[in-house]
Each structure stands twice: as C-alpha cells, then as structure tokens.
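Residue strings, one per chain:
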Amino acid sequence: MAAGMIRFLAKGWVTEIYLRPRFHFPYTGFEWIHPWPDAWMHIHFVLLSVLALMLAVGFCYRAAAILFSLGFAYVELIDQTAYLNHYYLVSLFSGLLIFLPAHRAWSVDAWRKPSLERDAVPACVLHLLRFQIAVVYVFAGLAKLNSDWLLRAEPLRIWLAARSDLVLAGPWLQEEWVAYAGSWFGALYDLTIVFFLLRRRTRPAAFLAVIVFHVATWMLFNIGMFPWIMIASSTLFLAPDWPRRFLSACAVITRRLTSGGRWSHRIGALARPVACPRMTVLRRPQLAAALLVAYVAVQVLLPLRPYLLNTGYPAWSYRGFNCAWQVMVAEKTGYVEFHARDPDTGWSARVQASRYVSPRQETLMAQDPFLIRELARHIAQDLQAQGHPRVEVFADAFAALNGNPSRRLIDPNVNLAGEASSDWILPWVTQVTTNSVATSRSVPTIVEK
Amino acid sequence: MNRSFSLLRSAWAVASISLVLTAQCLSAQPAPSDKNFSREAMLRSLAQKVIVPGYASLAGNCRALADDIEQFNATPTQDSLDRAHGHWKAALEAADSLRCYQTGPVADRQFISTFNYWQTIPSRIEGIVRKPLPAFDQAFLDNEGATVKGLYAIEYLLFDRRGGQPGEPPEAAKALELLSASPRRREYLAALARDVADKAAQLSKDWSATGLQSAAEKFAAGGQASLNLLVNQLTQSLETTLQNHLNFALALPTPVDRQLNRIKGSRSGTSLQSVVVALEGVDKFYRGEHGLGLHDSLNRVNPAVATRVQDKLTAAIAAARSIGEPLERAVVDKRAALETAVKEAHDLEVLFKVDLPSALGVTITFTSGDGD
Numbered sequence: 026m027a028a029g030m031i032r033f034l035a036k037g038w039v040t041e042i043y044l045r046p047r048f049h050f051p052y053t054g055f056e057w058i059h060p061w062p063d064a065w066m067h068i069h070f071v072l073l074s075v076l077a078l079m080l081a082v083g084f085c086y087r088a089a090a091i092l093f094s095l096g097f098a099y100v101e102l103i104d105q106t107a108y109l110n111h112y113y114l115v116s117l118f119s120g121l122l123i124f125l126p127a128h129r130a131w132s133v134d135a136w137r138k139p140s141l142e143r144d145a146v147p148a149c150v151l152h153l154l155r156f157q158i159a160v161v162y163v164f165a166g167l168a169k170l171n172s173d174w175l176l177r178a179e180p181l182r183i184w185l186a187a188r189s190d191l192v193l194a195g196p197w198l199q200e201e202w203v204a205y206a207g208s209w210f211g212a213l214y215d216l217t218i219v220f221f222l223l224r225r226r227t228r229p230a231a232f233l234a235v236i237v238f239h240v241a242t243w244m245l246f247n248i249g250m251f252p253w254i255m256i257a258s259s260t261l262f263l264a265p266d267w268p269r270r271f272l273s274a275c276a277v278i279t280r281r282l283t284s285g286g287r288w289s290h291r292i293g294a295l296a297r298p299v300a301c302p303r304m305t306v307l308r309r310p311q312l313a314a315a316l317l318v319a320y321v322a323v324q325v326l327l328p329l330r331p332y333l334l335n336t337g338y339p340a341w342s343y344r345g346f347n348c349a350w351q352v353m354v355a356e357k358t359g360y361v362e363f364h365a366r367d368p369d370t371g372w373s374a375r376v377q378a379s380r381y382v383s384p385r386q387e388t389l390m391a392q393d394p395f396l397i398r399e400l401a402r403h404i405a406q407d408l409q410a411q412g413h414p415r416v417e418v419f420a421d422a423f424a425a426l427n428g429n430p431s432r433r434l435i436d437p438n439v440n441l442a443g444e445a446s447s448d449w450i451l452p453w454v455t456q457v458t459t460n461s462v463a464t465s466r467s468v469p470t471i472v473e474k
Numbered sequence: 337m338n339r340s341f342s343l344l345r346s347a348w349a350v351a352s353i354s355l356v357l358t359a360q361c362l363s364a365q366p367a368p369s370d371k372n373f374s375r376e377a378m379l380r381s382l383a384q385k386v387i388v389p390g391y392a393s394l395a396g397n398c399r400a401l402a403d404d405i406e407q408f409n410a411t412p413t414q415d416s417l418d419r420a421h422g423h424w425k426a427a428l429e430a431a432d433s434l435r436c437y438q439t440g441p442v443a444d445r446q447f448i449s450t451f452n453y454w455q456t457i458p459s460r461i462e463g464i465v466r467k468p469l470p471a472f473d474q475a476f477l478d479n480e481g482a483t484v485k486g487l488y489a490i491e492y493l494l495f496d497r498r499g500g501q502p503g504e505p506p507e508a509a510k511a512l513e514l515l516s517a518s519p520r521r522r523e524y525l526a527a528l529a530r531d532v533a534d535k536a537a538q539l540s541k542d543w544s545a546t547g548l549q550s551a552a553e554k555f556a557a558g559g560q561a562s563l564n565l566l567v568n569q570l571t572q573s574l575e576t577t578l579q580n581h582l583n584f585a586l587a588l589p590t591p592v593d594r595q596l597n598r599i600k601g602s603r604s605g606t607s608l609q610s611v612v613v614a615l616e617g618v619d620k621f622y623r624g625e626h627g628l629g630l631h632d633s634l635n636r637v638n639p640a641v642a643t644r645v646q647d648k649l650t651a652a653i654a655a656a657r658s659i660g661e662p663l664e665r666a667v668v669d670k671r672a673a674l675e676t677a678v679k680e681a682h683d684l685e686v687l688f689k690v691d692l693p694s695a696l697g698v699t700i701t702f703t704s705g706d707g708d
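Chains as they are written, first to last, in the working numbering: chain A, 26 to 474; chain B, 337 to 708.
Hints are supplied without guarantee of correctness; some may be wrong.
Claimed, not checked - Dumping the calculated SDA-like pairs for lysine to any residue here, alpha-carbon to alpha-carbon at most 25 Å: (1) B/LYS670 / A/ALA374; (2) A/LYS36 / B/ASN597; (3) B/LYS541 / B/GLU625; (4) A/LYS36 / B/ASN568; (5) B/LYS510 / B/ASP415.
Hint data in this document are derived by calculation from the structure and do not stem from the laboratory. Since the model is a prediction, treat every value here as computed from it, not as a measurement.
All chains should be modelled from the sequences, with the hints used to inform the complete structure.
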C-alpha cells in the first residue's frame with residue numbers, strides 16, 4: 026500500500042479525484058467529510074504511505090494501523106466515484122489489522138520490546154483473514170453466474186477485443202471462443218479457487234493458478250493494484266509456517282553460495298521458532314466472539330443484497346452493486362443530460378453537468394442512477410439559491426450494459442430534486458429496445474454555460 | 337548420480353514439451369472470422385481512404401481559392417469574385433468534413449483554428465486593413481490571433497457585409513465594392529488565402545508522407561489508443577454540431593436577423609452546409625469510404641448496434657439535408673424540420689456516447705459544453 030499511495034500521488038490522481046472537482050458525491054451520513062485543502066491532501070497521502078510502511082515493518086504497529094485505517098477510510102468516503110472494489114478490500118483489511126496481532130513476530134515492535142514476541146497466534150486470526158479473501162472470490166464468482174457472462178461472454182468479449190493489438194496473444198483475443206473460455210474459466214476460478222487453496226494436496230497448483238490468473242488480468246486489463254493485492258493475500262492460504270520454511274531454504278542456499286557465512290546464520294536464526302509463551306485467545310473472548318460473528322455476518326449479508334432483496338440486475342440499477350464484490354462483471358457506459366424547470370415562472374434550461382463535476386466524475390456518474398440523483402439535487406439547491414425556489418430537475422439518462430443496446434436508465438418525468446418515488450430507476454428487463462433511441466423529453470432548451 | 341540424471345532428464349522432457357507447445361501456439365495463428373479485418377487494417381484504411389484524400393481535397397481547394405483571389409485582385413469583377421466564392425465554399429466543405437478528426441498534424445502544428453475557428457472580430461479586421469502599414473507577410477500573420485485570420489476571416493472579406501450586426505460597421509456593403517475600393521483590403525485577403533493554402537498543403541504533405549514516423553503510420557499503429565481518440569473525436573464533433581449549431585439556432589431569441597453573427601457561416605449562407613458536411617464527415621469515418629471503417633469493427637462484435645448506428649447516421653444526415661435552407665432562415669420558416677434534425681442528431685449523439693464505446697471498449701471523455 027505504501028507503493029500504492031506513492032503511485033496515486035505520482036499519477037496526479039490526488040488532484041484529479043479530490044482537489045479539482047468542485048462537487049463531490051459523498052456517502053449518505055458522511056456528507057460532512059471534505060477533502061483537505063491543496064497541499065494537505067498530498068501530505069495526507071504521503072503520511073498514508075509512511076503509515077503503510079510502519080505497518081509492514083511492525084513499527085508502532087497499533088497506532089499505525091488505527092491511523093492508516095482511519096486515513097484510508099477518510100479518503101474513500103470523500104467521493105463515491107472513487108470507489109473501487111480493491112480499495113474497499115484494503116479498507117476492510119486495514120480495519121481488521123487494528124485488532125489483529127500482526128506485530129508479534131518479525132516486527133520492529135517485537136525487536137524493541139521482546140515481551141511482545143509470540144511464536145504463534147490463535148488460529149481464528151488466520152481463519153478470519155482467509156474468510157475475507159474467500160468472500161471476495163466466492164461472491165465475485167457468484168456475480169458472474171448471469172446470462173451476459175456465461176451465454177454471451179460479455180463483457181470479456183469487449184475487453185479482450187480491445188486488447189487485440191497485443192504482441193503474440195493479440196489475434197487470439199479477438200476470437201469468440203477465447204472470450205467464452207475466459208468467461209467460464211474466470212467464473213469457475215473465482216468459485217473454486219479458495220477450496221483448492223484450502224486443500225493441502227491441491228494448494229501448490231492452486232497457488233500457481235492464482236499467480237498466472239492475476240498476472241494475466243494485470244497484463245490484459247487496467248485494474249491497478251488489484252492483482253498484486255490478491256496474489257499477496259493468497260499467501261494466507263499457504264501453511265502458516267511457510268515464511269519460516271522459506272527463510273530456512275534461503276539460509277541453506279546462502280550457506281551453499283557463501284560457504285557458510287554470517288548471513289546464512291542470521292537468516293537461519295530468524296527462521297527458527299522463538300521460545301516464548303503461546304498467545305492465548307483474546308482478553309475478552311465473549312466480546313471478541315460477538316464482534317467476530319457480527320463482522321462475518323455483515324461480510325456475508327452485504328454481497329447478498331442483490332440476491333436477497335431482489336433488486337434486479339445490480340450492474341444496471343446499482344442497487345447492491347458496491348461493497349458486494351461485483352468484480353469485473355459490467356462494461357457500462359452512460360450519458361446524462363439535466364433539464365431544470367421552474368413551474369412558477371415557466372423558465373427552463375438544460376444544465377451542463379460539467380459546471381459541477383469533472384469529466385472523470387461525469388463519466389462515472391452517468392452510469393449510476395443514485396449519483397445522477399445526487400447531482401440533480403445539488404443542481405436544484407444551486408438553482409434555488411439563484412432565485413428558483415421550486416425548481417424541478419429531470420434527467421435524460423441512457424446507459425449501455427455489456428454491449429446491449431442503450432436504454433433509458435431513469436424515468437425522464439421524475440423530478441429528481443423532489444421526494445424519491447420507488448420506480449424512478451427504469452428496470453433493465455422490461456424496456457423494449459428498438460432501432461430508435463428513446464427521444465429526449467424536451468428539445469430545445471437554452472444550454473446553461 | 338542416478339537421481340541427478342533422472343532429474344535432469346525430467347527437466348529436459350518438460351522443457352522440450354513446453355518448447356513444442358509454445359511453437360505450436362505461435363505458429364497456429366487463429367483464423368480471424370473476417371479475414372480482411374483487423375483494427376490496424378481498419379485504421380490504415382481510414383487514413384488512406386478518408387484522411388489522406390480529405391487533406392488532399394482541402395489543399396487543392398485552398399490553393400484554388402488563393403489562385404482565384406490573386407486573379408480577382410488583378411481584375412476585380414463579379415465573375416472572379418463568384419469563382420473565389422465557389423472555391424471558398426469548396427475549401428470550407430473539405431475542412432468541415434475533417435472537423436470530426438482534429439488530431440495529428442493539424443493539432444501538433446496548431447492549425448485547427450485556421451480552418452475551424454469562425455468567431456472572427458470584424459472591428460479588428462477593419463482596423464488591420466485601415467492601417468497603411470505593416471506589410472502583410474507571414475511574420476505579420478503569425479503574430480496575429482485566430483480572430484483575424486483563417487478561413488472565416490476570408491469569409492468576412494469575401495462576402496457581402498450585412499450591416500446591423502454587433503461588432504461590424506453599421507452599414508451594409510457589397511464585398512465587390514469594398515474590395516475594389518481598397519487595395520490594402522485586397523492585399524490582406526490575398527495574404528490570408530496564401531496562409532490558408534500553405535497550411536493546408538503542409539497538412540496534406542504530412543498525411544501523405546510515408547515511413548514509420550508519418551502521421552498515417554502513427555495513426556494506424558496506434559491501436560486501441562487511436563480508436564479511443566477517433567471515437568472521442570467523432571462524438572465531440574456530433575455534440576458540437578448538435579449543441580452549437582442546430583440546437584443553438586433553435587434556441588436563439590427572436591428576432592434572429594439581429595443575431596446572424598452568432599450563427600456560423602451565415603454570411604456565406606453555409607450554415608446548413610457545414611452541419612450536413614460535418615455529419616457526412618462522421619459518416620465517412622464510420623463507413624470507411626469503400627474501405628474498412630468503424631462499422632466493420634462494430635459489426636464484428638455487435639451487429640445489432642452497428643446497424644443501429646448506421647441507420648441513425650443515415651437518418652440524421654437526411655433530416656439535416658431536409659432542412660433545405662440555411663439555419664438562420666430555417667429557424668424562422670422551417671422550424672419543424674430543424675426540430676426533427678435536432679432530435680435525430682441527439683439520438684445519434686446518444687448512440688455514439690453510449691452504445692458505440694460500450695461495444696468497442698472505448699473510454700469516452702465527455703466535453704459537453706466545451707464548444708468549438
């Protein structure tokens with residue numbers, strides 16, 4: 026994550042995502058969170074990087090975990106358009122690390138204060154982390170069990186065809202059967218990899234598959250740190266003593282190479298278990314168990330929202346889409362025009378979204394009906410302040426999902442600035458697509474510049 | 337010893353099998369479903385059949401315009417002026433058909449405004465031609481801004497002055513009379529025409545050059561990045577055509593004849609021509625002008641969307657053509673036709689912003705409201 030934060034700074038994303046936009050899409054209940062002014066936001070990311078390093082080496086571990094977790098969550102809560110599944114995973118992991126004893130061995134803290142050192146931690150710690158990874162894979166697999174993914178090989182077909190200029194593999198990526206094979210293998214991989222990683226006999230091949238799969242996705246798709254986070258996280262499924270065995274092997278190799286030098290002894294010593302008291306279960310077992318059960322329940326129920334609440338196609342309505350491991354299941358493009366009308370004066374105008382949001386925000390907002398409604402409400406507030414107290418805001422919103430023809434996303438006759446009706450998001454299945462695009466609700470109106 | 341030998345033998349076996357399999361994979365190229373199609377072939381075809389001929393046409397018409405203006409300056413008659421009018425319109429048509437792709441040499445050399453910037457400032461042009469000095473050489477033109485030079489500054493000098501428009505001299509006047517009466521005005525017109533012709537020739541040369549660093553080769557080799565850029569540019573062009581021309585004319589408050597200076601090409605009566613040609617320009621890139629185009633790319637991955645876009649392009653062009661008269665007149669007496677054209681262009685814009693990028697995996701960057 027230290028590298029991830031530096032990458033974020035180096036690519037100019039701090040300015041692009043947090044500082045340039047005049048309007049942010051906050052999460053409900055977190056409207057009070059705003060970005061720091063200019064340089065402070067950059068400093069925030071530098072500090073996150075330092076805190077991540079402190080976590081990695083176990084220096085002032087508990088404080089670093091708390092500060093990193095809060096600092097990262099703050100960044101994530103500023104703007105909904107910044108949501109990414111792997112950032113959500115990092116938020117969860119960093120939150121868990123506050124409570125987990127990850128600094129009890131091979132850490133600066135344990136080196137400075139040997140009484141902290143333990144040779145083993147309770148198994149529930151490892152199981153909890155494995156559970157978290159399993160949730161990601163299994164729900165990502167379940168999300169792929171839909172007709173677009175399995176029967177049309179979408180959106181993989183679109184994404185692979187877009188990479189057809191790759192050397193050697195390029196021509197193959199245009200082939201339909203490759204898209205189908207990739208789709209089915211991808212779903213199967215997500216659904217089963219955890220079970221293969223858990224079984225001792227299949228673990229080596231499964232771990233190799235993890236590496237091959239994620240490196241392939243890194244090469245083919247623009248998905249940032251996600252493959253590396255998943256490869257690193259999958260080592261949790263290896264035998265718990267693998268770091269010691271790995272170091273032992275390193276010590277042997279170093280000894281052969283250096284004819285038994287100082288380094289091989291040091292590495293060998295590090296690999297040997299330490300004589301120290303076993304770590305008992307947490308201090309307040311009942312409270313710990315209750316928290317654990319609550320956490321597990323939330324982690325299972327959140328991704329189940331689309332299935333339990335029958336919210337329709339989550340990638341279309343965005344109901345139950347985020348925090349549900351709907352990973353790489355949608356190629357969605359949207360377009361929205363806002364129209365404002367003052368029923369008192371008859372004044373009407375088309376309002377440019379670019380007055381309020383950045384091009385990046387506009388692209389992402391146009392796919393998500395809830396963000397469209399959020400901006401519509403903000404536009405209404407702005408126009409109310411300009412002397413239109415009862416202004417109504419409507420949206421002409423279209424979206425195309427997984428190569429299907431575009432459809433209306435939102436009922437164009439619903440005033441998004443008013444009280445929300447239950448059926449303002451038009452359903453995916455009931456719309457008939459014709460050769461004609463549904464017409465806009467009102468043309469022409471003066472374009473607000 | 338035996339164990340080591342056995343290990344070595346296994347390693348050799350694994351390596352040999354891997355080598356054979358890799359060789360098989362590399363040699364057995366998959367049979368593409370359409371043997372003539374690849375993205376690189378499509379981009380190459382678009383460069384050779386749309387862009388290169390487009391710039392050649394622009395260069396030819398701009399050179400002919402410069403020659404006409406030289407002849408007019410030698411003998412200022414209505415006939416020679418009419419010939420210059422004809423070639424100015426042809427040059428504009430060539431420029432408008434390329435307006436949907438404003439990347440490559442035209443952007444690198446900062447020539448976009450020469451052919452597309454239309455909001456000239458008449459008072460500044462009048463100020464330039466009124467002064468006895470300096471000479472209108474290239475150095476002078478290079479120091480001047482887009483508001484006093486380029487294709488639309490030539491339009492201002494070449495066509496009749498209507499009068500009553502904001503920023504212009506109040507009285508109407510015939511271009512022939514104004515030009516005949518002022519050698520300095522004629523000199524400026526000729527200098528502008530030479531500048532435009534030289535720039536068009538340079539662009540044509542850039543696109544028709546060969547070699548790995550040529551514009552056409554870079555465009556073809558750009559792969560998905562070139563495709564992203566192309567779709568974004570076409571989308572932006574559609575958005576501009578709809579919002580800044582068709583919809584803008586429709587939303588103008590009355591009386592329209594006091595605001596003609598706000599409508600592109602109204603002086604030369606080319607406001608509708610510009611719209612139609614801009615849409616046809618998008619169509620050329622989409623269909624590929626007897627070669628491969630975006631339609632072929634789309635048709636391979638999503639025939640339904642490909643047909644939808646093609647039909648909607650045809651409908652939008654037909655609706656724009658059916659307006660039948662310049663926008664400044666149509667907004668008064670053919671409003672229904674203009675509204676139909678707006679609706680068709682809007683539907684097309686949605687298809688280009690939503691369906692097409694979704695099907696081709698293109699990242700769209702909205703520029704709504706940026707204007708041209």
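Hint by hint, here is what the structure shows:
1. As the CA atoms of B/LYS670 and A/ALA374 are separated by approximately 23 Å, the hinted pair is consistent with the 25 Å bound.
2. For the proposed pair A/LYS36 and B/ASN597, the alpha carbon gap of about 44 Å is over 25 Å, so the pair is violated.
3. A threshold of 25 Å between alpha carbons decides the hint, and for B/LYS541 with B/GLU625 the separation of about 21 Å falls inside it, so the pair holds.
4. Restraint check for A/LYS36 and B/ASN568: satisfied, since their Cα atoms lie roughly 22 Å apart, inside the 25 Å limit.
5. For the proposed pair B/LYS510 and B/ASP415, the alpha carbon gap of about 14 Å is at most 25 Å, so the pair holds.
In terms of the numbered hints stated before, the structure departs from hint 2 and from no other.
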